[in-house]
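A.B. asks: The lines below spell out each chain.
Protein chains: 4
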Amino acid sequence: MEEAPRFYAHPFDDDKLKEECGIFGVIGVTDASNFVALGLHALQHRGQEAGGIVCHDPELGFNSARRFGYVRDNFTSADIMETLPGPLAIGHVRYSTAGSKAAVIRDVQPFFGEFSMGGAAIAHNGNITNALALRKELIERGSIFQSSSDSECIIHLMARSLQKDIPDRMEDALRRVEGAFSVVAMTRTKLIGVRDPLGVRPLVIGKVADGWVLSSETCALDIIGAEFVREVEPGEMVVISAAKGVESRRPFRPQPSKFCIFEHVYFSRPDSIIGGQSVYETRRRIGVELAREAPVDADLVCPVPDSGTPAAIGYSQESGIPYAMGIIRNQYMGRTFIEPTEQIRNMGVRLKLNVNRALIKGKRVILVDDSVVRGTTSRKIKEMILDAGAAEVHFRIASPPTAWPCFYGVDTPQREKLLAATMSEDEMREHLNVDSLRFISLDGLYRAAGEPEGRNNACPQYCDACFSGEYPVEPSDMVAKGFQLKTAAE
Amino acid sequence: MEEAPRFYAHPFDDDKLKEECGIFGVIGVTDASNFVALGLHALQHRGQEAGGIVCHDPELGFNSARRFGYVRDNFTSADIMETLPGPLAIGHVRYSTAGSKAAVIRDVQPFFGEFSMGGAAIAHNGNITNALALRKELIERGSIFQSSSDSECIIHLMARSLQKDIPDRMEDALRRVEGAFSVVAMTRTKLIGVRDPLGVRPLVIGKVADGWVLSSETCALDIIGAEFVREVEPGEMVVISAAKGVESRRPFRPQPSKFCIFEHVYFSRPDSIIGGQSVYETRRRIGVELAREAPVDADLVCPVPDSGTPAAIGYSQESGIPYAMGIIRNQYMGRTFIEPTEQIRNMGVRLKLNVNRALIKGKRVILVDDSVVRGTTSRKIKEMILDAGAAEVHFRIASPPTAWPCFYGVDTPQREKLLAATMSEDEMREHLNVDSLRFISLDGLYRAAGEPEGRNNACPQYCDACFSGEYPVEPSDMVAKGFQLKTAAE
Amino acid sequence: MEEAPRFYAHPFDDDKLKEECGIFGVIGVTDASNFVALGLHALQHRGQEAGGIVCHDPELGFNSARRFGYVRDNFTSADIMETLPGPLAIGHVRYSTAGSKAAVIRDVQPFFGEFSMGGAAIAHNGNITNALALRKELIERGSIFQSSSDSECIIHLMARSLQKDIPDRMEDALRRVEGAFSVVAMTRTKLIGVRDPLGVRPLVIGKVADGWVLSSETCALDIIGAEFVREVEPGEMVVISAAKGVESRRPFRPQPSKFCIFEHVYFSRPDSIIGGQSVYETRRRIGVELAREAPVDADLVCPVPDSGTPAAIGYSQESGIPYAMGIIRNQYMGRTFIEPTEQIRNMGVRLKLNVNRALIKGKRVILVDDSVVRGTTSRKIKEMILDAGAAEVHFRIASPPTAWPCFYGVDTPQREKLLAATMSEDEMREHLNVDSLRFISLDGLYRAAGEPEGRNNACPQYCDACFSGEYPVEPSDMVAKGFQLKTAAE
Amino acid sequence: MEEAPRFYAHPFDDDKLKEECGIFGVIGVTDASNFVALGLHALQHRGQEAGGIVCHDPELGFNSARRFGYVRDNFTSADIMETLPGPLAIGHVRYSTAGSKAAVIRDVQPFFGEFSMGGAAIAHNGNITNALALRKELIERGSIFQSSSDSECIIHLMARSLQKDIPDRMEDALRRVEGAFSVVAMTRTKLIGVRDPLGVRPLVIGKVADGWVLSSETCALDIIGAEFVREVEPGEMVVISAAKGVESRRPFRPQPSKFCIFEHVYFSRPDSIIGGQSVYETRRRIGVELAREAPVDADLVCPVPDSGTPAAIGYSQESGIPYAMGIIRNQYMGRTFIEPTEQIRNMGVRLKLNVNRALIKGKRVILVDDSVVRGTTSRKIKEMILDAGAAEVHFRIASPPTAWPCFYGVDTPQREKLLAATMSEDEMREHLNVDSLRFISLDGLYRAAGEPEGRNNACPQYCDACFSGEYPVEPSDMVAKGFQLKTAAE
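Residue numbers (UniProt numbering), protein chains in the order written: chain W, 1 to 490; chain L, 1 to 490; chain G, 1 to 490; chain A, 1 to 490.
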């Protein structure tokens, strides 16, 4: 119910799960929006479709800008940044859920609402699993939705709360929503951060000069020279003001935490630190575990760039087989091509990757990739490698088979499209037609992620629903639409 | 003398020498322009500022498009590609020589001229060292120049030739020009490739179905599935037609070849093959040589991404010190930001690189980079590494000290700005304030580049003027402007 | 609270009152949006800043597009019109209230709301005089406003209505609003038109093939070849469906009608017919009345183009003084220049008008203009005429002195800025420094507008608040802000 | 051989001859480009497709900008005007010769050439009738053309001249060209104006403060407040410098002048003065002559807006039949729509004109138009008038039948498309199916244009080739292409 952007991008099948958002906020600095722009640039891997910034200045009030495209193209010119003044700002980058629907600027966060006690803006990473039910209820009571985003429910719930101040209204609203969410919000004078009771999505607190920062990941603290203070804890709300600093609240009933283990495998940047652990180091250890669990005699260990690199290094170190760049990535390939011709679209993976032919020829090659989703890219890579004359191709995958969709803020194909939902590991190897294919075990992954005893099956230390089908929060909207949860038999 | 493009980009100091062009052409295929677009995408590392395509269709004649920006953004939509029909096309990507002057679309190649016997288009990689003298002479005789490009001389020389056909006119014209040049040109029915007598810049021939391809590098043959046939030889002109295939001519007096050794060090893509050698493998061997020439006790070998990676792998393999990703590159950083704010501009290298803090802390780190030009980036990287808590920082550079500007198609700072022009290796170490700094020797580099005996000082096998100051062709325009050649004493 | 459009226009002081909107809708035709685009083009004089179309197709649902700029530039390409399919569509053009605030696309109508029984869109011409009070009440009850437009209240009032279908909800909503409004709205199957009880703004019904049309003016029926059926009556709601044709409702308590007399003077197009009278003929008769009320000996009668033309023709016919084009209008002057330089901005009226020097020199000139608002343009025109050598300048104005602001959908300066609010007719003549200045009387205007007895002062036949200060509906928001109504003494 | 502009406009058949250019230059003022922009805005009726400005500043050298679209949209922002500094500038607006070929920015004037003695820019109104022959000769001698414009020949002829300074080279060049041309040119220090020996196209000299102006028409002097000095005489070259003022040269052999009589009929603006006569007054007198030559009993005299207006006023005054606005022009219709849908394109004349139905109904109407070219618009207007219920329709045309194409800078259809080339006046009346149709006689036109004795058939006082077929300069390129000149028999 709104016009499409003028150019819409055609995403190439790069066959990955997609994080849907990155969030960032800062209070107590001059030109807060500039900091937010830098932070969002560092979080761009969490969402490349669009970005938005809302800011507040005591004299000039709230201002905002939302744009399709990269932060570096939209939020760097003096022209735009001068329209975003003030010491308090929040921002959001989002991933395209393209294909199904045209992207609309109205869906780009942060969302803003004018309440009787003043304005508030909110940016959200995650997914509200009862959003459809809430939306229906709110429309029946007279709310008018402006977007198709699940996050807009929060603003409408806040508008209807009877609480007198905005943080209280936000508590009210968030107690009604289910699912996974990290939130960065702002009023005229406060910066607010929240994580859901399970703490599925990350959120950290930083300090820069006299100001405070909230960010999805620590890598975005580094870019602005901010010091890492601590993580917002699962179920915690922090309300930060210039006057009082960080105040902590606990709006929810406590629960065992379930951080998303796929943040370690793929979503987060390798230079971020999560739960006290280096993401890079976790990934390298996955490679070490893989080399122990699934050794093979070969000449070269090559990463599928760039996400397979740390695990490939680990595999090489543990196995003693030389590490090499067998596949070269084109640095000038964006995530998308603009309206490509049919011929170019059919080039698929070639636009992005090329085999280092002189290196590969006649060699037995171990390819280390982070995950297999639909398997389409894996097939094309295998073909390129064989075309270049490799003697053998062995796939080693740095995560267990992805057999279940995520409903907590990650864009996954429908279950039927997941290769591992319909095939055993052996069938997948035949389907991909490679000399060997091995995934790391769930226990191996947990060990690499800092759990020396592996997975606690009674109460897993992480959310691993995409591998195990064990959903820590029932995805009620999806169940209402007919999604089949895992049965005891599975 | 022409309007500036609407948005001009601010290049960040990433302190590298810049190749100025990539060229590509194809004949005898359906929709030749689509192939050219793919080829230019694969050659984008040779020039990111702008690109152009000229094509010819027997019915629709010549058509062209020239645009600022990446190939993937300009030459992929059906909209534009449908305006570029026909079985014969050539293309060009160019690097910005920004800073001094605003970029103008008139300077974007290929250049086109309408001669009495029909039109011709020409794309050029290299630099004509007597262009200013030629330009002055041509203007005095009534030629009207439309660009500030040295390459336009070739078209005007062709227009004044008395020869009856276009390849003959091109021979006439090229015999008048001095310097380094690889040329891809086209008439209505022919695809033409030329390399200067020294063969300074690369150019290769490929075959795709019934058609023929000319390309700066082999990696652009791979993207369209073309087979590598051979290199155009130094001093050779090839005239390719559907009817007669490849005809070879020798317009110039033979000379010993002087291929640019910096193509091996940095310019070419690692998956290209030059002179029968894998660029990746040459770079890895440079790392091996460096480890032998300049060993040091340390905990980690880290590349400065992405160009230092192969040499870092080689150094690690030879030294036994573990290879690690100590510096993480932001994938969403383009080469430029559009009109950045002062604050963002000052962020410099941080927008592009971040230190993997958890890994680096307390470690003795060897950083492998491809070259040191002005040293500005090296300083910033060192500071980032030390801020992150490294115990020691050792720089190992995969090329000798860059002490002389290139006049053969590479954008280099003026001599005074080159760190190695004014400092000894030891002074540079002090200037950068690192624990050690070592460059590979010229002999070591030649060995890695396939010359087991090292450099033949009597008649070097490569052009290495940027390291040695020995220019194989006198840069006459520059000398006329007062440039001081190396004296016997130096 | 939203970004400004990329280019914002600088309106030149052309010193006119501005109609704020034109509305148009059609049902029961193929490609209804194309008809709406044509209708809006014919209504462009009622609003030049922006336009929007919402349409509905049984299969493709609701679609919309909103753009800044002219209809001819935004809603004519196949590209955009193909995204607006279906047999039912409404549209809106709006005038810029620029200056005070940046224009925002969110304020561009039609507005859309998704209700539990389906979507509805609404386009509004007029002004809701209690909008601020309603807005405050709605926000307190949890509504989230997305625009600064008074019209958005209607959608929120509808959302909160307990009625079961949309026309009933609209009745509910409109009974809560005060002021002047003509509304065109649509549901999935119905086209709805409403005029406020006083009928201040126009709205007519037309018939085209099997379909029905609603339009602000009859000139927009002509462009699509539609037949004029009748006016929507003051206080009437018409609900039009393919099945049942036009159904009439009467949601409001009956009141004597008060059509805006300024529609006759200036707002409506001369080829429209209002209340059974030709606008052109009314204006010509104003000239006739003026010639009787305020004769003067002179050589030429010249219109101030283009709005003064019919009255100048009438004045010439009644007085026998020759009609001539003494001032030539530049056809290529839009209503605005884009970001003009200071020098160009200072050119003011010269960019738009030029004196026909050869004609004017030495002549006694009667200038006929439609109105005097701030008097700034009148002064400049007088200076141009004198510079060109006119012997005498006599102004004749086709409306009474404009001494009061309009609160019913017309953009007027604050009262202090209106020349007639602070000066007598004689003071104005001195201020403008012309040989004579005369306005038509209120009675003369009413006679020209078809009331042979002139104005019925007990119950005026038109709304003439801008001349008389007698507001037929109290402008309650403005009074709350301190606006002083006319006292008995005035 | 160059990319098309991104949006190309579809001109509607408004069935007029089109002037192809307006030219303007100024020297000796601060920010000369701002004056040029204003002058071009006043000359926009002479060319609406594109405009260009070249300027020179002693420190910043030559700068230029060329854009598609209106002056008011392209040359008014501080942004662009600040890039055009200096006390000397020239500019050009051009009409689209669209249809045959896509418009290209390279064809937009002024053209610029860098000669050995410095740069020069040139803007041209008219047409060089031996341009194809010159072009062929120049290409054979080595010139490389950058545009398809006939005007580019002048620059290349100048480049090959052996004269030492630019005005002398221009004399050399212009002596080689045939046809009709008014030229405004500039060097670094001089402003140059030339008219061809016949003086077909206009060019006037003005004075503004200490500076000098050259302009196609006097209306563009008015807009900048410049004083009219005199016309450049046929066959005169004026060289204007700050130091020496206006110097006059006579490069050509004297000939009797042949000013284009159609400038009086249609091309020039009514507020311009040509040859000492007011264009408005000439047009009014044409109406008077028409009323004498072709009287008819009727109720109303209505102009076809806007160009028929002065003649309609004259006809009304002479005949005593009331003048009225029977056809209303939509002010928001540009000359083109951007890529209109088929449906909109078919609306043709309705988008631009509407009948004032209430006025026309039952009346006998005289329609006064300036010319009949193909007759397509006349037919549509007649249909609209009859649809609205007119009792009779009488066409009176303010020019003789247009039976021959113009080759002197006006865009005319091929001869076969001209209604008067194939039909007698009576056949045209039947074809248009109107009650009467009369054209003014050639003698009547000459009388109105200030020749009391009418046309001197032995040596006509004007160029009237479009009416008479008597071409004062043989159109040699066209004759070479097969155009048939008038035979003695015709």
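Simulated from the structure, these hints should not be mistaken for lab results. One should not assume that every hint holds.
Which copy? The list can't say, so a pair holds if one copy fits it or any two copies do.
Claimed, not checked - Calculated cross-link-like contacts (lysine-lysine; reagent style DSSO-like; alpha-carbon spacing at most 30 Å):
| id | residue 1 | residue 2 |
| --- | --- | --- |
| 1 | K352 | K363 |
| 2 | K361 | K417 |
| 3 | K136 | K164 |
| 4 | K417 | K363 |
| 5 | K136 | K380 |
| 6 | K244 | K361 |
| 7 | K136 | K16 |
| 8 | K380 | K207 |
| 9 | K244 | K352 |
| 10 | K164 | K481 |
| 11 | K16 | K481 |
| 12 | K361 | K486 |
| 13 | K207 | K361 |
| 14 | K16 | K164 |
| 15 | K352 | K207 |
| 16 | K363 | K207 |
| 17 | K16 | K244 |
| 18 | K164 | K352 |
| 19 | K363 | K244 |
| 20 | K481 | K244 |
| 21 | K481 | K207 |
| 22 | K352 | K16 |
| 23 | K16 | K380 |
| 24 | K417 | K244 |
A.B. asks: Within a copy, between copies, both or neither: which one fits K244 and K352 at a CA-CA cutoff of 30 Å?
C.D. replies: So K244 and K352 fail the 30 Å test inside a copy (49 Å) and across (35 Å) alike.
A.B. asks: Have a look at K363 and K244 and pick one of within, between, both or neither, based on CA distance no larger than 30 Å.
C.D. replies: Answer is neither: 63 Å inside a copy and 39 Å across each miss the 30 Å cutoff.
A.B. asks: Please sort K16 with K244 into within, between, both or neither, judging by C-alpha distance up to 30 Å.
C.D. replies: neither (43 Å within a copy, 47 Å between copies)
A.B. asks: I want to check one pair: K361 and K486. Are their C-alpha atoms no more than 30 Å apart within a copy, between two copies, both, or neither?
C.D. replies: Answer is neither: 45 Å inside a copy and 44 Å across each miss the 30 Å cutoff.
A.B. asks: Have a look at K207 and K361 and pick one of within, between, both or neither, based on CA distance no larger than 30 Å.
C.D. replies: between (51 Å within a copy, 20 Å between copies)
A.B. asks: At most 30 Å between alpha carbons: which applies to K417 and K363, within, between, both or neither?
C.D. replies: neither (32 Å within a copy, 45 Å between copies)
A.B. asks: Is the C-alpha distance from K136 to K16 at most 30 Å within one copy, between copies, in both cases, or in neither?
C.D. replies: neither (32 Å within a copy, 47 Å between copies)
A.B. asks: Up to 30 Å between alpha-carbons, please classify K136 paired with K380: within, between, both or neither.
C.D. replies: Neither: 44 Å inside a chain and 54 Å across chains, both beyond 30 Å.
A.B. asks: How would you classify K164 and K481 at a CA-CA limit of 30 Å: within, between, both, or neither?
C.D. replies: Between copies only: 27 Å across chains, 37 Å inside a chain, cut-off 30 Å.
A.B. asks: Under a CA distance limit of 30 Å, which applies to K380 and K207: within one copy, between copies, both, or neither?
C.D. replies: between (45 Å within a copy, 23 Å between copies)
A.B. asks: Quick one: K16 to K481, C-alpha cut-off 30 Å, is that within a copy, between copies, both, or neither?
C.D. replies: Within one copy only: 25 Å inside a chain, 56 Å across chains, cut-off 30 Å.
A.B. asks: Within a copy, between copies, both or neither: where do K164 and K352 come within 30 Å Cα-Cα?
C.D. replies: neither (53 Å within a copy, 44 Å between copies)
Figure legend: structure checked against the earlier numbered hints; hints not met, in rising order: 2, 4, 5, 6, 7, 9, 12, 14, 17, 18, 19, 20, 21, 24.
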